[in-house]
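Enquirer: If you want the building blocks of each chain, they are given just below.
There are 2 protein chains.
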Amino acid sequence: MDLYRMECDKFTEVLSSSDPTPGGGGASALVGAIGVALGSMVANLTVGKKKYADVEEEIKGLRTKAESLREQLLILVQKDADNFEPLAKAYGMPKDTEEEKKAKAEIMEKALKEACSVPMDIMKLCCEAIELHEGFAHKGSALAVSDAGVGVEFCKAALRGASLNVFINTKLMTDREYADKINKEAEDMLKKYTAKADEIFEYVRGCLKEK
Amino acid sequence: MDLYRMECDKFTEVLSSSDPTPGGGGASALVGAIGVALGSMVANLTVGKKKYADVEEEIKGLRTKAESLREQLLILVQKDADNFEPLAKAYGMPKDTEEEKKAKAEIMEKALKEACSVPMDIMKLCCEAIELHEGFAHKGSALAVSDAGVGVEFCKAALRGASLNVFINTKLMTDREYADKINKEAEDMLKKYTAKADEIFEYVRGCLKEK
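Protein sequences, first through last, are from chains S and E.
Residue 1 is where the first sequence starts when you use our numbering, and the numbers rise one by one after that.
Residue 212 is where the second sequence starts when you use our numbering, and the numbers rise one by one after that.
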């Protein structure tokens, strides 16, 4: 069964076990999906309301994007587990002879690159999700502004969570040029989008202060 | 069916709908449960390993606490929805006559206090969960250190997410003394435990940098 089809309580149970998957990567994809779902909720509480008729079309466009991101992130919950398998197998390879060492190193390198690709994809989707929340927070129904704040906070946490799953893999790569390229890409996303997420969260926090 | 027994993909779907529950509060409880499950995972990857025999008993103690927090947080996913119902009903009360206005105001005030109590509980549990991650990150298996980092980040996001659900309710209370007391308690938790969570995350980030 695909992991994202598991019951929520069961998922947290399997997550807490010593099984290598699901782990921090898949959990990040799920938290991202929960975050962007809150964005969709804001959209659904805005569309059809007279007060927000002016932004209705814009919010509908954001909602379509949010729904697509939610679906993509859910699929990555499972894909992260699938992509980790070759790495788990590589870790278990013998390295008693020089030949075995060489074979293991080669397969490890390939597996590390593969294990990196899903958290990188999670990061990219979370950046897009954070971007959407700017619209949800500023233009969506004021009654649901706290949900936009929670949503963007979760997308940021998923972005940062996924980044650790990138860095733990790039650290072990021997192809440092490739590793540095990925690290830089990840750092750039972190820098730009944690700042943006914090800005949106602070805007929401401001809306909830007593006048 | 209790919300935390729902399939993960279904939960995000229901969350994204215009139904008032589940909303940002219940989602925060779930993200907290996912976070603390990652802490348990680190514990489970540590216990029984020769290398970590010295800290085995300590980690077992932290694991017991983490498991209890995970269960409590899952239950709050549902409880947040249950406690929101009276408030949703109060919003719908008529206020055409002076008498109706007075009755509505009284019931609203009570419902606001009730709707506040679950996110406050979520915040308290997330603070405890963040505390546990200090041990998981510093003393748990180094192979799982990234999971401790992701776990603490999710507990922090759940803490901040739940706080918005406190503030949106305290803002509307007429009993300002009570509201200020709750706000101060929430602000104190945020200040102390976001700092602690960031410290733990940065420690993990440091472990993943190339030597």
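Just so you know, the hints here were simulated from the structure itself, not pulled from any lab data.
Careful: at least some of the hints might be erroneous.
[Stated by the list, open to error] According to the in silico footprint, chain S covers these stretches of chain E (three or more CB under 8 Å from chain S): (1) 287–296; (2) 319–328; (3) 337–351.
[Stated by the list, open to error] Anything over 10 Å on all C-beta distances counts as not near chain E; from chain S, calculated: (4) K110; (5) E153; (6) E177; (7) K192.
[Unchecked claim] Facing chain E, a subset of chain S residues (Cβ under 8 Å, in silico): (8) A105; (9) I107; (10) M108; (11) E109; (12) M120; (13) K171.
Bear in mind that the values here come from a model prediction, so they are computed numbers and not experimental data.
From the three backbone atoms N, C-alpha and C, an ideal C-beta is built for every residue, glycine too.
Enquirer: Determine for every hint whether it applies to the structure shown.
Expert: Each hint, compared with the structure:
1. 287–296: violated (count 1)
2. 319–328: violated (count 0)
3. 337–351: violated (count 0)
4. K110: The claim holds: S:K110 sits with its nearest Cβ about 20 Å from chain E, beyond 10 Å.
5. E153: S:E153 not clear of chain E: closest Cβ-Cβ about 5 Å, inside 10 Å.
6. E177: holds, 13 Å
7. K192: holds, 17 Å
8. A105: Nearest chain E Cβ about 17 Å off; hint violated.
9. I107: Status violated, d = 19 Å.
10. M108: violated, 14 Å
11. E109: violated, 15 Å
12. M120: Check failed: Cβ of S:M120 comes no nearer than 15 Å to chain E, outside 8 Å.
13. K171: With a closest approach of 6 Å, the S:K171 hint holds.
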